[in-house]
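Could you build the full structure based on these sequences and the hints that come with them?
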Amino acid sequence: LTLYVWPWRTLVPATPRVWVDAPANLGPKSLDDTQQASTTAGGGRVRAVFADIYLLDPNPVRVATAWAGHLDAGVTECIVPLPALYTAPRPYAGGRPMSPGTPAPGDDYFGEAASLGSPMMVATAATAALRAASLTITISRGSRLRGGEWFSLDHGGAIGWRAYHTTRVTDDGDGVFTCGIRPLLRAAITGPKAVELDVPRCVMKLDPAKADELRPELALAREGVVAAHFIESFDY
Amino acid sequence: MAAFAGDAAARIASGGCSYGIFVRVAGTPVLRMWSGPGDYLMPADDVEPADALYKANGALGEIPTLKQLINGDADSIKIPLSGLDATIKGLFDSDPEALVFKPSRIGVVIFDGDHQPLSETLWLHAALSDDVYAVGDGDGAQIVLSLATALSGRTRSEQAFYSDAAQQRRSPGDRICERTARYARGITIAWPV
Chain P
605 LTLYVWPWRT
615 LVPATPRVWV
625 DAPANLGPKS
635 LDDTQQASTT
645 AGGGRVRAVF
655 ADIYLLDPNP
665 VRVATAWAGH
675 LDAGVTECIV
685 PLPALYTAPR
695 PYAGGRPMSP
705 GTPAPGDDYF
715 GEAASLGSPM
725 MVATAATAAL
735 RAASLTITIS
745 RGSRLRGGEW
755 FSLDHGGAIG
765 WRAYHTTRVT
775 DDGDGVFTCG
785 IRPLLRAAIT
795 GPKAVELDVP
805 RCVMKLDPAK
815 ADELRPELAL
825 AREGVVAAHF
835 IESFDY
Chain S
-3 MAAFAGDAAA
7 RIASGGCSYG
17 IFVRVAGTPV
27 LRMWSGPGDY
37 LMPADDVEPA
47 DALYKANGAL
57 GEIPTLKQLI
67 NGDADSIKIP
77 LSGLDATIKG
87 LFDSDPEALV
97 FKPSRIGVVI
107 FDGDHQPLSE
117 TLWLHAALSD
127 DVYAVGDGDG
137 AQIVLSLATA
147 LSGRTRSEQA
157 FYSDAAQQRR
167 SPGDRICERT
177 ARYARGITIA
187 WPV
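Those protein sequences? They're chains P and S, same order as listed. Quick note on the numbering used here: the first sequence kicks off at 605 and runs consecutively. Quick note on the numbering used here: the second sequence kicks off at -3 and runs consecutively.
Since the hints were derived computationally from the structure, they do not count as laboratory data. Errors might be hidden in some of the hints.
Stated by the list, open to error - Beta-carbon label-pair distances, calculated as ranges: (1) S/I172 with P/D676: 38 to 44 Å; (2) P/L734 with S/G109: 45 to 51 Å; (3) S/V140 with P/A670: 33 to 39 Å; (4) P/A670 with S/P99: 46 to 52 Å; (5) S/G2 with P/A655: 54 to 60 Å.
In this text, a Cβ means the ideal position worked out from N, Cα and C, and glycines have one as well.
Structure below.
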């Protein structure tokens, strides 16, 4: 089964929100109005809301219509590149973070790959167990990790691409960083594994309750605004 | 009932607690689900004979009567499995018999701040899965797994439909319900035909 890449260069959200969702189960309020919370979410799952995608010419209108059909209101999985380049540990050139340049050409409608024109950051992750909450990442090209950076690992097989972000980062020197991560590792890593920092991505589905927001409503049959609500998918 | 001890007990006492709920139905194949997302590798214990992978699939709905279960006064509990994920739905649709009247367990694991297990799995409840049925109302479609306690002996009566399709499933080749569809349309049936 081919997973297609969400048309990240055509349907650009003005206000994206990507986060790890781990809802709390709230207990009853106590006498002094505090409320205890517990969670059964086990580290949470990745969610993304791409709001305010402006469709201003025929091409994005077609792409949005095609994808609203392709994703079938949350039945079909796809690979969603996350807009995280601004906070990525980009290498410095001339005292400022490098610019990514033009994205690699590809199919704007149903592509199968996502990458920058030329890879900017190179990193590897060391061996770790399933559901590990921390990861040792070696940056061989890029700047230091500080915490809060999104990255992806391709776990292969049915699990595929999964997105994580760093939490607390410890600098071990020589470009090696021990990073807390959320969500927890979806599959064990058995050897040095490439860490995707250029275009972090995740296998996701539309939120079925909000799938309708991707279907364009066009003013004067020309322009409109759509939104895509994604939830990490676990069809494996 | 075993109790949590040490770090796990301290964690519960602190109030803000992370834990996982695990459901195991010893059907064919064994159905393993847990409350969080992604895979969970359960180490072998007296319930799991070997290390086993628990699946999430976002499938495990609320467990409404866990408190009653702990107190032991519930005869059966119903676990809604939301999401109607393809894997789960396939299991229930293709062969519900494989999951009915099987020993089932509900377990709890207390996690630390990094969601790593602090305790062994505390298997709270032993039951028999006595029914699997679908409840569908638009966007709230669910499959419900009913678990009855082994002690109560009270199991849920099976929903019966006297349609030909249902009868063929119960007893292949039996033609007794062959003409029931015509009753619904108000046709007077001449016997024998």
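Results of checking the hints against the structure:
1. S/I172 with P/D676: 38 to 44 Å: holds, 41 Å
2. P/L734 with S/G109: 45 to 51 Å: Between P/L734 and S/G109, where Cβ atoms are some 18 Å apart, the hint is violated.
3. S/V140 with P/A670: 33 to 39 Å: holds, 37 Å
4. P/A670 with S/P99: 46 to 52 Å: For P/A670 and S/P99 the Cβ distance comes to about 49 Å; the hint holds.
5. S/G2 with P/A655: 54 to 60 Å: violated, 46 Å
In this structure, the hints that do not hold are numbers 2, 5, in rising order.
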